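**Q** Chain by chain, the residues:
2 protein chains.
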Amino acid sequence: MERLAKYAGKKVMVTGGLGFIGSNMAHRLVELGADVLIVDALLPGCGGNPHNIEGIRDKVQISSSDLRDSDAMGQLVKGQEIVFNLAGKISHIESMRDPFADLEINTRSQLSLLEACRAHNPDVKIIYAGTRQIYGIPEYLPVDERHPLQPVDINGIHKMAGGWYHIVFHKVYGLRACTLRLTNTYGPRMVVRDSRQGVIGWFIKQALDGEEIKLFGGGGQLRDMTYVDDAVSAFLFAGVTDEVDGQFFNLGGEAVSLLSLVQLLTCICGSGSYAAVDFPPERKRIDIGDYYSDYRKAKRVLDWMPTTTLAQGLQRTVDFFRRNKEHYW
Amino acid sequence: MERLAKYAGKKVMVTGGLGFIGSNMAHRLVELGADVLIVDALLPGCGGNPHNIEGIRDKVQISSSDLRDSDAMGQLVKGQEIVFNLAGKISHIESMRDPFADLEINTRSQLSLLEACRAHNPDVKIIYAGTRQIYGIPEYLPVDERHPLQPVDINGIHKMAGGWYHIVFHKVYGLRACTLRLTNTYGPRMVVRDSRQGVIGWFIKQALDGEEIKLFGGGGQLRDMTYVDDAVSAFLFAGVTDEVDGQFFNLGGEAVSLLSLVQLLTCICGSGSYAAVDFPPERKRIDIGDYYSDYRKAKRVLDWMPTTTLAQGLQRTVDFFRRNKEHYW
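First to last, the sequence lines map onto chains A and B.
Residue numbering for the first sequence is 118 to 446, as defined by my numbering.
Residue numbering for the second sequence is 118 to 446, as defined by my numbering.
No lab work stands behind these hints, which were simulated from the structure alone.
Here the structure is a predicted model, which means the values were calculated and not measured.
There could be a bad hint or two in this list.
Since the list gives no way to pick one copy over another, a pair counts as held whenever it fits inside one copy or between any two copies.
Claimed, not checked - As a list, the in silico DSS-like pairs of lysine-lysine whose alpha-carbon atoms are at most 30 Å apart:
id, residue 1, residue 2
1, Lys416, Lys123
2, Lys331, Lys288
3, Lys288, Lys123
4, Lys123, Lys195
Turn these sequences into a full structure, and let the hints guide you.
**A** Given below as structure tokens:
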């Protein structure tokens, strides 16, 4: 696409660049000819995997600095044109077990990065990866950006703060920051070893291993699924759109029940099975029921639409993990 | 009132108990015959003043532990029946100058206290002092609890997180916590040395000193004023009401323009004057225009109403500071 040609030669920093979405972003940026700096401290529980940049390792720069190190961030952001800010923890369960770690990584880190940008590169553009989790249990569907914010776990509270920092830094200091609120993103390089990055990755591993997938409450819950390449496109579009500054945007995708998703997945894999089970109490307490986003604002302002069907996306994901099992299992 | 008779002999902890609202709370609790533990580390910028408990010093216990010290909090909360959780920083300007200090004191502290309650006293009741600041620039007036949350500064983001911790700890762990969102509270023992706890305190000092009060933008902005005794009553009512758990409540009061307020204040003082001046840029960026709360939910659930008129409240406040000038100037 013509507007993505702007990335050729652009200096772009990707925080969390060894993680799921960050590494897919880095792959695409390399293809587009950008000058990519990955910043990733490979903190436990954040989903970073050095194998994620296999194939582009010699085409990117890598820093293992922690975002909380303001001095290091100050040096790194100097001269960058765009920061895709994808660093963070997304495990809901872990955020309840160790809320202080979640506070550090999702809240202090963001403040540190933004303070560094303000001091050392106030003209940089920053696109932050938010989450639909901050809307909590939907009061209506589809959920648009006007929906009340009512997080149901500690991770949601901290991600909400992280997103608002970007908006406040825009309003008060004029920093060119915005937030894209991701829904259920899936694809190559996601964490499949456990359910920390969401259940979909865990389902994929189980299906490929020929195991029985447990569907809490029968799997009737609706979720909207975004294939990672589509999510990456939204970030890339936002990075070259002035109008996004200081705003929130929902991403989204096809809404399916977890049961339908698992039926499609086991069919594509040719292995695995599924069974309905009761919700474990710690999951039930933070379950949000059906969820799907209204992403018409992103469509209008970014001219963005998800273009990968669920069947295509799952097929590509399964193919990737079949080829790269040893690095993800 | 009959329901406040329940406080006789009750074990009550007041965080931030040497601060403005906390110390007024402590005075009232002592009157009601409660067994009061004040927890206040007298952190700079939090408004604590040892003189605030003059008159009740030998009737309360005092701990100087920091809320961030989870072990100390664990020991302190054991055996308490109610925690009035008033510790925090409220300076908007300072939160922009040192956002990390604000993060520590308004966010990490709250998480630490709640984790201590969960581990050592899961049946305790907790009433948290939130702020109207998290609603940002009102989209409509009066602002009810359904108004979108859109903080305009770092302090607002952290207070928003602090309030949500209480709600999430209720939903996930059943902790009996709620949040009262304060508007512009004023009265004896408030900080008047500077405008860190809001402009009203600063106006009071200037009026008593016979100085000229500067009204940014002419002082046409509406603000709703709660006399501290009324705010304290709302906390006391919430402390003995089961129905509040897991909920937010706005407090409020008489809505007046800052100009009217200053005219009344200088009349009561018999000194001071005022003049319209332009907004300084750093203030203008975080100004929210007119604000007043809809507090009908508190009225319905807590049977609470502010009962002190602005003229009465200002008169009592001025009288207090005249008598105690040397400790507050």
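**Q** As a check of your reading, is Lys288 near Lys123 (CA-CA no more than 30 Å) within one copy, between copies, both or neither?
**A** Cα proximity of Lys288 and Lys123: one copy only (26 Å, versus 47 Å across).
**Q** At most 30 Å between alpha carbons: which applies to Lys123 and Lys195, within, between, both or neither?
**A** Within one copy only: 20 Å inside, 61 Å across.
**Q** Can you give me the call for Lys416 and Lys123, within, between, both or neither, at a CA distance of at most 30 Å?
**A** within (20 Å within a copy, 57 Å between copies)
**Q** At most 30 Å between CA atoms: does that hold for Lys331 and Lys288 within a copy, between copies, both, or neither?
**A** Answer is between: at 25 Å across copies they meet the 30 Å cutoff, but 45 Å inside does not.
The structure is consistent with each of the numbered hints, conforming to all of them.
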